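Asks: In the order they appear, the protein sequences are chains A and E. Under the numbering used here, the first residue of the first sequence carries the number 1120, and numbering increases by one thereafter. Under the numbering used here, the first residue of the second sequence carries the number -12, and numbering increases by one thereafter.
If you're looking for bench data, these hints aren't it; they were derived computationally from the structure. Keep in mind that the hints are not guaranteed to be accurate.
[Claimed, not checked] Simulated coverage check for chain A against chain E, where a stretch passes if three residues somewhere in it have a Cβ under 8 angstroms from a Cβ of chain E:
(1) 1290 to 1303
(2) 1321 to 1332
[What the hints assert, rightly or not] With a straight-line Cα cutoff of 30 angstroms, these simulated DSS-like cross-link-like pairs (lysine-lysine) come out:
(3) A:Lys1206 <-> E:Lys122
(4) E:Lys65 <-> A:Lys1199
(5) A:Lys1206 <-> E:Lys65
(6) A:Lys1214 <-> E:Lys142
(7) A:Lys1294 <-> E:Lys173
(8) A:Lys1279 <-> E:Lys173
(9) E:Lys84 <-> A:Lys1199
(10) E:Lys198 <-> A:Lys1279
(11) A:Lys1199 <-> E:Lys106
(12) A:Lys1298 <-> E:Lys106
(13) E:Lys198 <-> A:Lys1199
(14) A:Lys1206 <-> E:Lys84
(15) E:Lys31 <-> A:Lys1206
(16) E:Lys65 <-> A:Lys1294
(17) E:Lys65 <-> A:Lys1214
(18) A:Lys1294 <-> E:Lys84
(19) A:Lys1214 <-> E:Lys122
(20) A:Lys1663 <-> A:Lys1263
(21) A:Lys1683 <-> E:Lys173
(22) A:Lys1298 <-> E:Lys173
(23) E:Lys84 <-> A:Lys1214
(24) E:Lys106 <-> A:Lys1720
(25) E:Lys84 <-> A:Lys1298
[To be verified] From the structure, some residues in chain E lie toward chain A, with a derived Cβ separation under 10 angstroms:
(26) Phe54
(27) Asp83
(28) Gln111
(29) Gly174
(30) Asp176
Given the structure is predicted, the values throughout are model-derived calculations rather than measurements. Glycine included, each C-beta is placed from N, C-alpha and C at the ideal position.
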Amino acid sequence: MKRLPILYLTNVNWMTRQERFFRWIFVLAIVALGAFFSTGLSVKDNALDLLPDGVVRNDLHLLQQIGLVDRIIITLTADKTVYPSLKEAQTALEKSGVECENLLRKNDNFSHVFARFYSTDKRQALPDLTRILPALTRQTDLAKLKRLLTETSMSSQMEKNFILLNSLAGIPLKKQLQKDPLDFRSIVMTKLAFLRDNSNINLQNGFLISADGRNILIFAESRPGLTDSNNARKIQNDLEQIYKQVLPVGITARVIGTLPHTLANSQTIKADLQTLLPIATILLFLLLAFTLKSVRAIVVFAVPLLASLPAIAITVCFFNGMSGLALGFGIVLLGIAVDFSVHLFVALTNNHGEPRKILQQMRRPLLFATATTTCVFLVLFFSDVPAHRQMACLALSGILNGVLFAWLLIPTLHIEPQNNALNSVQKPNAVNKSVPHKVFTLLWAVLLCLGIFAWPHIHYDGNLQSLDAPGEDVAADEAFFNQIWGTPGDKFFIVSVGGNLEEALEQNDILFDFLSADAFKQIQTIAPILPSIQKQKQNGLNWKDFWTAELPQFHTDFPAIATKFGFTPQAFAPFFHWLQRPVETFQRERFDGSPLAPMLKMMIRPDSSMGNNQMIVLTTVSGNSDKIDSLLSFSEKHPAIHVLANQKWKGQVERSLKDNILFLSGLAAFLVSVLVFIQFKHTNAILAVLAPVLAALAGMMVFCWVMGYTLNMMHVIMGIMVIGLTVDYGIFAICSQLEPNLHGTEKAISICATSTLIGFGVLAFSSHPALHSLGITVLVGIGVGWPVSLLVSPYLFTLGKKRSTFLTRPGIENTQKDQGHK
Amino acid sequence: MKFFIALTTLLISILFFVAPGAAAVTQDHELDVFLQQLQAASEKTSSYTTQFSQEKHLAMLARPVLFSGQLSLVRPDKLRWQFLNPIPSTLIFNGDKGIRCDAEGESASFTLASDPVMKIVSEQLWSWLGGDYQKLAAQYQLDKEDKATLVVSFKSEQPIADFLSRVRIRFDEENLQPIMIEIDEKGGDFTRIIFTESRLNETLADTLFNKCELDD
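One chain only, chain A, in its complex shape (with noise of 0.2 angstroms):
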């Protein structure tokens, strides 16, 4: 009768109820708590998190905030079909722009709604630049005005003065005749040239109308960021609603911008999802039916989903918000969690004996696998990308709890050891004598080889819109753009920074005479009709420095000529008194409520977010790739100019991608090789434990190069996961060979290798780029790491050492001792 406890607690029920529950309470309860504190979680969805710091985060910043980001660009189309007369057609947009244009305003997530430049109803005259031309004339348009007063010059225009006065024309002409009688205007029109960008864009009645006279413009910005998809979705849905009540039959409309992007994303990736996860879900269903045999593996599984609420909780506490892109990644992440459970529950159902003495085994690799981990994504703390930072704290907190639970919880789940069991019996060793070991550990070794000669052959594509999947439609919208409105070519976005709009327009000019200077072609820009006060001071002293020059001839000469083509000593009167009155500069203000405030509201920003109190000026230049260089060597000697150019980007994201490769993994091998050097204390044994991870990555490094594909930022991400679960595989191998009564390793390995590979290598058949680039990762990572583990780690784990060697260190004899008295 007194075996009966005895019985009891070797085998199902080993452990008391009590101890279960209370066991269970406590894992529940840190969930429950975890789930209490996970409720104050903000994320935000924002791509810029997975940017590394510095440049190009501020750049893209900046873009954010100047309004290109969340910028909607709508074409109204009027079909030919239905509106065959063009006049038809164009009354038809015009109206629809307008209805349009009211109802966006209305809407309070919509803001820079405009569809016209003026409206035909409402007086909106320019305001008169040619009066304040003294501020706007710059050194460049002096030479202009001198060509001007000449007498050959003077003479043309006079005649055509007359013949235009005496033209029907003539009636509204007649007063800016008689304030521009030499054509000063001419200037001011070249200067406003500058707000328009070199499409194919006409105004028509106050509208943004295409050559053909068939499509119409709308522009308006998003208010909640477009680069989150459930924004985009609810500004889709917001569009669609307007479009019905104001489209009449036969007027479409399509957008281009961050939107069609991130919704066509959305859609592919959720497409993908819905096709994959049930894949998935039930091959992951088969491995379990087939190879734990058991529904209590059900909690196995769910050892990471416990585990990720109180790591979201630890997170929060943190990072104020959190990326929802390092969420769902860093979730992933602790999915590695599951291998500690798997581990644990073939230990317990493969052995018999003693649960406590098998648990008693399983302490140390579950411990050295938990250390490796943990090291490999304490790496990912001094990584430059936010959303890396964000992820690092998630996983690593997950693990930690993720092991806690999975060694509080497995062993409550009255596992019995199952009928193919063995007992504790050495197992036998054969890895020595083995010529497949033989003949793989070469394989490994070439693979090493090729992984190396691979290395300076892999390219890294900075290029940010290589994880974006648009789609056919959203391509088809996008060319037909073109095709009405011009291909916008290389278009370089510069932004001038300010403490205020003073020094903003300050740098603004500065930037102006540069590109001038440089001849830059397609330049837009606010800064020869808006310039700072400075430089209208500045230009109105030329200015007066002319005249005093030019006045006394031009007194003479101008008189006479006007005489000869029948003019009155009077008639250009208000022109004389024009050039007489002092200089006048002006504010922006000036141009409130003419048909050019859109453009400038558009072009003038106020930057307030990051803690920033600043202005920022938009200019764009067009069609000067061959002038990037000279641009970023100006921008870097003006710290307040920023060009925001994918070349420029490109080229610092591929730099930093190449650095964050190098440092993290270099970093991440240095920790492991110390950690499994402090566990095992012989290079042999680091060798063996190392030999998964270096195959995973030699692997991946000859894949990649063999198939052309480049490394981007998703490669970083898994391949410092795949770093972690074959560095695992590699520690419970070798520890699998140090404890030779312990059986079911290889399987719990092979286990854990095949659900990740069912995970995320149905990933690798992801129609989106993104998903398909960590699902290739994990698959040719894990595919290379697992075999090698079961079968390279313990042949060089013995290789040119007897094993006994190894287990004679304290540990083990202790282990070798306790099952000589048994």
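Starting from the known structure of chain A, fit chain E onto it as the hints suggest.
Replies: For chain E alone, kept in the frame of chain A given last:
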């Protein structure tokens, strides 16, 4: 006696208050009838070609300037205004588009939607010569003078009032087509255009309204 006073009061009231109203009603009626006659005549006239002389009195110029030329129009939207002397130039309106040519033959195309000055010119020319006088009456203040003269006045809130004070259009009493337009500009400048040798409903070639230079 009371009856006499009442009757006198009634007669005085009629004299002071009703009679002018009656006169206005009579004038309105005359204008309406005249407009209907103009409308009917213009509806019978699909095209119109005439010589014209233009006399400008501008404060900016020391003496009046005389120009002469030829006008061709096809209702509702084709018009060619061509100065022949002393300096040739041409202005063509064809629907929403137009062409301007100078003495050297250099031409520039424009659209009414993108050229506000030409839009004003086009609107005024068509309102004077287009033949839709009911529309003119709806837009501006119209009065009838003499037997066949319309006087167009502009309200201060109308943009055109920035340039024009009044326009007088005199019509031929027989065919009711314009024979003279006098334009009073704001500030006192004055233009008179006299049309002669009008020919109605002739077939006019499309090329007249598509290019400035004409083949001989």
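Asks: Hints broken by the structure, by number, lowest first?
Replies: none
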